[in-house]
Each structure stands twice: as C-alpha cells, then as structure tokens.
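Asks: Single-letter residue listing:
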Amino acid sequence: MVKNKFKKILVIDDDLLITKILELRILKERGFDIIVAADASEGFRKAIDEKPDVIILDILLPKKDGFDILSKLKSEPATRNTPIIISSAIGDEEYIKKGLALGAKTYVVKGKISLDALFDQIKNVL
Amino acid sequence: MNQFNLRQEVKKMVMILSGIPDGIAVVDKEGRIIFSNPTAEVITAYLGADILGKKIDQVFKFQCEKNDSDVFFVEILKGEKAVRFGENCRLIRNDGQLVPLEMIASPIYDEVGDFHGSLIALRDLTEEQKIKNRQREFLSFVSHQLRLPLGSFRWGIEIMLSDKKKLDPVHRELMEDLYNVVIRLVAFVHDLLEISRLEEGRIELKPSPVNIVKIIKETFEEFKNLATGFNIKVSFFPSLGKSDNLPNIFVDPDRFKDIFRNLISNGLTFNTIGGSLIIEAKQATSEEILKLTRHNNLVQGMEQYLESVLKKNGQDTKFLILSIADAGLGIPKNEQPKIFSSFFRARNAIEKSTSGSGSGLYFTKAIVENSGGRIFFESEENKGTTFYLIFPTL
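Chains A and B supply the protein sequences, listed in that same order.
In case it helps, my numbering puts the first sequence at residues 21 to 146.
In case it helps, my numbering puts the second sequence at residues 7 to 400.
Check the hints yourself; a few may be wrong.
Claimed, not checked - In silico DSS-like cross-links for lysine-lysine, where the CA-CA straight-line distance does not exceed 30 Å: (1) K171/B - K118/A; (2) K170/B - K28/A; (3) K118/A - K263/B; (4) K40/A - K170/B; (5) K171/B - K27/A; (6) K371/B - K117/A; (7) K223/B - K132/A; (8) K371/B - K132/A; (9) K28/A - K318/B; (10) K117/A - K84/B; (11) K318/B - K84/B; (12) K132/A - K318/B; (13) K28/A - K172/B; (14) K230/B - K318/B; (15) K143/A - K170/B; (16) K117/A - K171/B; (17) K171/B - K143/A; (18) K132/A - K84/B; (19) K40/A - K92/A; (20) K117/A - K263/B; (21) K48/A - K171/B; (22) K118/A - K230/B; (23) K132/A - K138/B; (24) K48/A - K170/B.
Worth flagging that the hints you see were computed from the coordinates, not collected in a lab.
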C-alpha cells in the first residue's frame with residue numbers, strides 16, 4: 021500500500037468518544053487516513069507536520085478555543101489552503117457565522133446531521 | 007368630580023398610595039402628573055417636586071426594540087380602558103440609567119362615568135429579569151451539555167447499524183429503536199436551545215417581501231407522504247382558484263417556513279384518518295379582523311395591535327388572514343388558554359402522539375409576533391382546530 025495515496029484527515033477534538041467514532045467510520049472509507057489531536061497546540065503542530073488534506077475542528081477545546089487555531093491555520097502559508105470543517109456541539113448562528121467568516125469551509129453541528137452526511141461534506145471539500 | 011376633585015381624592019389617599027411598594031403615579035386627563043409615590047421617584051430618579059406638573063411622556067421616556075410608547079400615552083389620555091406597556095423596553099431614567107419597567111395605567115372615572123385621569127402602576131422588572139436570565143443561562147448550559155453526548159450516541163449507533171451482518175435481528179431492532187429515541191432527543195435539545203435563543207432575543211429575522219402561496223406549497227411538499235399516509239385531503243387556497251394572486255407580506259421566508267412546518271405538522275398529526283386540512287388566505291381590513299376576533303375570549307390586545315400597525319403603515323393598510331383548518335382532535339376547552347405556553351401539550355395530543363416537546367406553538371407564536379403578525383385559533387374538541395395568522399400586507 022502506498023501511504024501517500026491516502027487522503028489524510030486531521031481531527032482536532034478533545035472528546036475521545038467522538039474521535040473513536042470518526043476513526044471507526046474512516047476504517048470503512050477507502051483511501052482515507054486519520055490523525056487525531058486532543059488540543060489546539062497539538063492540532064496546530066500536526067496540521068503543519070502531517071499536511072492533512074482536510075481538518076475537522078472542534079470549537080470547545082481545552083486552553084485555546086477552536087476559533088483561535090482556525091485563524092492561526094488560515095494565516096499560516098502551509099495550512100492556509102487546507103479545507104477546514106468545524107464540528108461543534110454549539111449550533112448558534114453567531115458561532116456558525118464566525119466560523120465561516122474566519123475561513124472554515126463548512127460548519128457541522130454534532131448530532132444534528134448523520135455521520136454519512138458529515139462524510140459527504142468531507143468529500144465535497146476535498 | 008372635576009379636576010380639582012381628582013387632586014382632592016388623591017390627597018385623601020396619599021398615605022395609602024405612598025405605602026404601596028410598587029411605583030404609583032397619578033395623571034390628570036391632560037396627562038400631567040399630579041402625584042407620585044416615593045417608589046416612583048426611586049424608579050425614575052426624579053425628586054417628587056420635579057415630577058409634579060410634568061407631562062407623563064416627559065418623565066417616562068423609553069428605549070425600545072420595536073414598539074414605541076406613543077400609542078400607550080395616547081391610550082392613557084383617551085381613558086377608555088386599562089393599558090399596559092413596557093415589554094422589550096427600558097425606561098431612560100432622569101440620571102440616564104436604563105431600567106426595565108412595566109407600566110399599567112387604569113383610567114379614573116367619577117360617579118357619572120366621566121374620565122378624570124389615570125392611576126399608573128410602575129413595576130421595576132430588574133430583579134425579575136435577573137432571575138429569568140439565570141433560568142435561560144441554565145437552560146442553555148444544560149442543553150449544550152446534552153448535545154455533545156447525544157451527538158456521540160447518534161453517530162455511534164449509526165456505526166453499529168451500518169454493518170448489517172454484525173447484528174442479529176433482535177439486537178438490530180433494539181438498536182433502531184434506540185436510534186429513534188436519540189433522534190427525538192436531539193430534536194428536543196434543538197427546540198430547547200431555540201427557545202432560549204428566542205427568549206434572549208438572539209434569533210435574527212431577515213424579512214423580505216414574500217409570496218405566501220408559493221412558500222406554503224413548498225413547505226407542504228415535506229409533508230406529502232404524511233398526508234397520504236393518513237389519507238388526509240389537503241386543499242390549498244380554495245377561494246383563490248388557480249391564481250396565486252395575493253399581496254406579499256414582509257417576513258423572513260425561512261422562519262415563515264418554520265411556522266408552517268409546525269402548523270401543517272400539527273394539522274396532520276392531530277387530524278383524523280381520512281380527514282381534511284384546508285389552507286386558506288384572504289385580504290381583510292382591520293374592522294373585518296376585529297369582527298372575526300370579537301367573540302374569541304382567547305384573543306387579547308388585537309385592537310391595540312391593529313391600531314399600532316395602522317399608525318405605522320398608514321390608515322389604509324390591509325391585512326392578510328391566513329388560516330389552516332384541520333378536522334381532527336380539537337383542543338379541550340380548559341386547555342385552550344395554555345396552548346401557546348412553552349412545553350405544554352394538550353391531554354388528547356399526548357394520547358395521540360407521545361413524541362413532541364410542546365414547544366412548536368410557543369415558538370410559532372413568538373416568531374409570528376416578532377415578524378409583526380398575530381396568531382390565534384378557534385377549536386372544538388373532536389371537531390377540529392383552525393389557526394389564523396394575521397400580517398399587514400405590502
């Protein structure tokens with residue numbers, strides 16, 4: 021298997037159950053690989069080092085929130101063009117607007133859409 | 007009783023009025039303040055001597071989100087009935103501070119029924135609003151805490167259900183039932199959050215001129231299968247024939263769809279198998295609306311509403327009456343006054359369908375009113391319910 025043929029998804033989320041579920045789901049997808057980061061700084065580092073094809077980003081993270089890392093990723097040349105999908109438990113209009121204004125491709129409210137629909141979104145932004 | 011006598015009457019009552027913990031002010035029929043108690047002075051940040059003799063609208067200036075206090079002050083001077091004001095408004099005190107305040111004015115008549123002035127009760131709502139805010143914060147916190155694990159449940163169960171071979175039929179059925187429960191809980195939490203957002207005034211409406219015929223037909227498409235399943239005959243605007251010739255109204259199209267999603271869903275769910283659902287619309291003048299609502303005890307404040315719309319949009323403003331009539335369960339008489347409360351579900355509605363959070367009509371009413379409309383209904387148990395929506399036309 022040639023590793024670099026795989027599309028890499030970086031999941032930045034401190035909820036271990038969510039990351040486990042996403043990992044299980046990705047196992048079913050052909051040609052996808054998953055990397056997990058549990059906080060903002062680890063997420064940022066892995067975004068630079070691993071060069072993922074898409075980032076799934078939570079907003080409520082320990083220490084720094086997801087919006088901080090989103091702006092940072094968008095101002096960094098290496099990650100500026102990496103599509104970012106926000107996946108958060110908060111569905112407030114203000115949050116969604118802010119996320120999209122900061123450059124996220126799309127905003128998903130956890131639980132509101134199905135896992136398959138989330139994967140459709142991922143494929144859409146790739 | 008002449009004006010002098012009103013002063014005399016008030017003088018006799020000074021000890022009583024002064025002791026009332028709410029703010030009290032008395033105005034004469036020209037709207038000049040002739041008495042205020044100490045609480046009224048604290049609320050307005052005026053010294054008693056500075057209030058006396060001033061016109062009521064000089065002392066009570068409001069900062070409001072939508073409505074304005076002019077209609078209220080005009081009503082006070084008319085002296086025809088008790089009037090209330092203050093929702094979504096804050097009083098600009100003499101020292102510039104803002105206070106949430108409710109004013110209730112009751113006309114004072116003499117023995118022969120002549121109007122002499124008004125007694126105005128002032129209620130500082132600061133503490134009440136603090137408690138409400140705490141409730142809202144709690145509601146919002148709990149809902150967010152619930153949404154996170156529910157998201158994991160949903161996606162987790164989807165993974166288990168996605169591999170058909172791994173579950174035996176019994177476990178699979180159980181898992182599907184659990185999945186439906188989770189989906190219902192997700193919808194309930196969504197409703198909770200929407201209600202708390204609505205109460206905090208955080209739902210932004212984006213109104214535009216809307217052709218309701220088109221929007222209602224589009225919304226109904228989502229319920230086509232449900233209607234077919236219950237064998238319910240749905241008629242759209244029978245009086246219009248094939249035309250969609252109705253004046254536009256100025257509402258947020260997405261929120262308007264939400265309103266009709268709720269009303270159509272209720273109209274189908276609480277209908278009888280083989281029943282009917284009639285959606286109708288017509289133009290009406292304010293007098294025609296008053297005639298329609300005159301004998302409906304549950305409709306309150308319609309006259310003031312119509313008056314304020316005419317004042318704002320012009321005296322020749324026409325209205326659109328939309329109605330959606332089902333031939334279903336109807337709402338039990340004793341439960342009718344509660345039907346627009348949050349999380350209320352009528353007894354017979356619970357018997358018919360156990361799902362539903364009881365927030366639909368509460369939400370619908372709030373959206374309708376925030377969009378400048380009104381909603382009310384007529385209902386008879388075992389015969390059916392008709393909901394009416396009223397909006398000024400463009």
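Asks: Each hint should be assessed against the structure and marked as holding or not.
Replies: Results for each hint:
1. A distance of roughly 43 Å separates the Cα atoms of K171/B and K118/A; the hinted pair therefore is violated under the 30 Å criterion.
2. Only pairs whose Cα atoms come within 30 Å are accepted, and K170/B paired with K28/A is accepted, the gap being roughly 27 Å.
3. Straight-line distance between C-alpha atoms of K118/A and K263/B comes to about 25 Å, which keeps the hinted pair within the 30 Å bound.
4. Of the supplied pair hints, the one linking K40/A and K170/B holds, its CA atoms being roughly 20 Å apart against a limit of 30 Å.
5. A hinted pair counts as satisfied when its Cα atoms are at most 30 Å apart, and K171/B with K27/A qualifies at roughly 28 Å.
6. Between K371/B and K117/A the CA atoms are separated by roughly 26 Å; this keeps the pair inside 30 Å, and the hint holds.
7. As the CA atoms of K223/B and K132/A are separated by approximately 26 Å, the hinted pair is consistent with the 30 Å bound.
8. For the suggested pair K371/B and K132/A, the alpha carbons sit about 24 Å apart, so the restraint of at most 30 Å is met.
9. Between K28/A and K318/B, the direct Cα distance comes to roughly 58 Å. Violation of the 30 Å bound is thereby established for this hinted pair.
10. For the hint linking K117/A to K84/B, the alpha-carbon distance of about 47 Å lies beyond 30 Å, and the restraint is violated.
11. Distance check on the hinted pair: K318/B and K84/B sit about 19 Å apart at the alpha-carbon level, within 30 Å; holds.
12. Note on K132/A and K318/B: the hinted pairing is violated, with a Cα-Cα distance of about 41 Å set against a maximum of 30 Å.
13. For the suggested pair K28/A and K172/B, the alpha carbons sit about 28 Å apart, so the restraint of at most 30 Å is met.
14. The straight-line distance between the Cα atoms of K230/B and K318/B is roughly 39 Å, outside the 30 Å bound, and the hint therefore fails.
15. Pair hint K143/A plus K170/B holds up; C-alpha atoms about 24 Å apart against a cutoff of 30 Å.
16. Pair hint K117/A plus K171/B does not hold up; C-alpha atoms about 42 Å apart against a cutoff of 30 Å.
17. For the proposed pair K171/B and K143/A, the alpha carbon gap of about 26 Å is at most 30 Å, so the pair holds.
18. With a CA separation close to 53 Å, the supplied pair K132/A and K84/B exceeds the 30 Å bound.
19. Taking the CA atoms of K40/A and K92/A, the gap is about 26 Å. The hint holds against a cut of 30 Å.
20. Of the supplied pair hints, the one linking K117/A and K263/B holds, its CA atoms being roughly 21 Å apart against a limit of 30 Å.
21. Taking the CA atoms of K48/A and K171/B, the gap is about 14 Å. The hint holds against a cut of 30 Å.
22. Under the criterion of a C-alpha separation no larger than 30 Å, the hint pairing K118/A with K230/B is inconsistent with the structure, at around 36 Å.
23. A distance of roughly 28 Å separates the Cα atoms of K132/A and K138/B; the hinted pair therefore holds under the 30 Å criterion.
24. Among the hinted pairs, K48/A with K170/B is consistent with the structure: their alpha-carbon atoms are about 13 Å apart, no more than 30 Å.
Taken one by one, the earlier hints fail for this structure at numbers 1, 9, 10, 12, 14, 16, 18 and 22, listed in ascending order.
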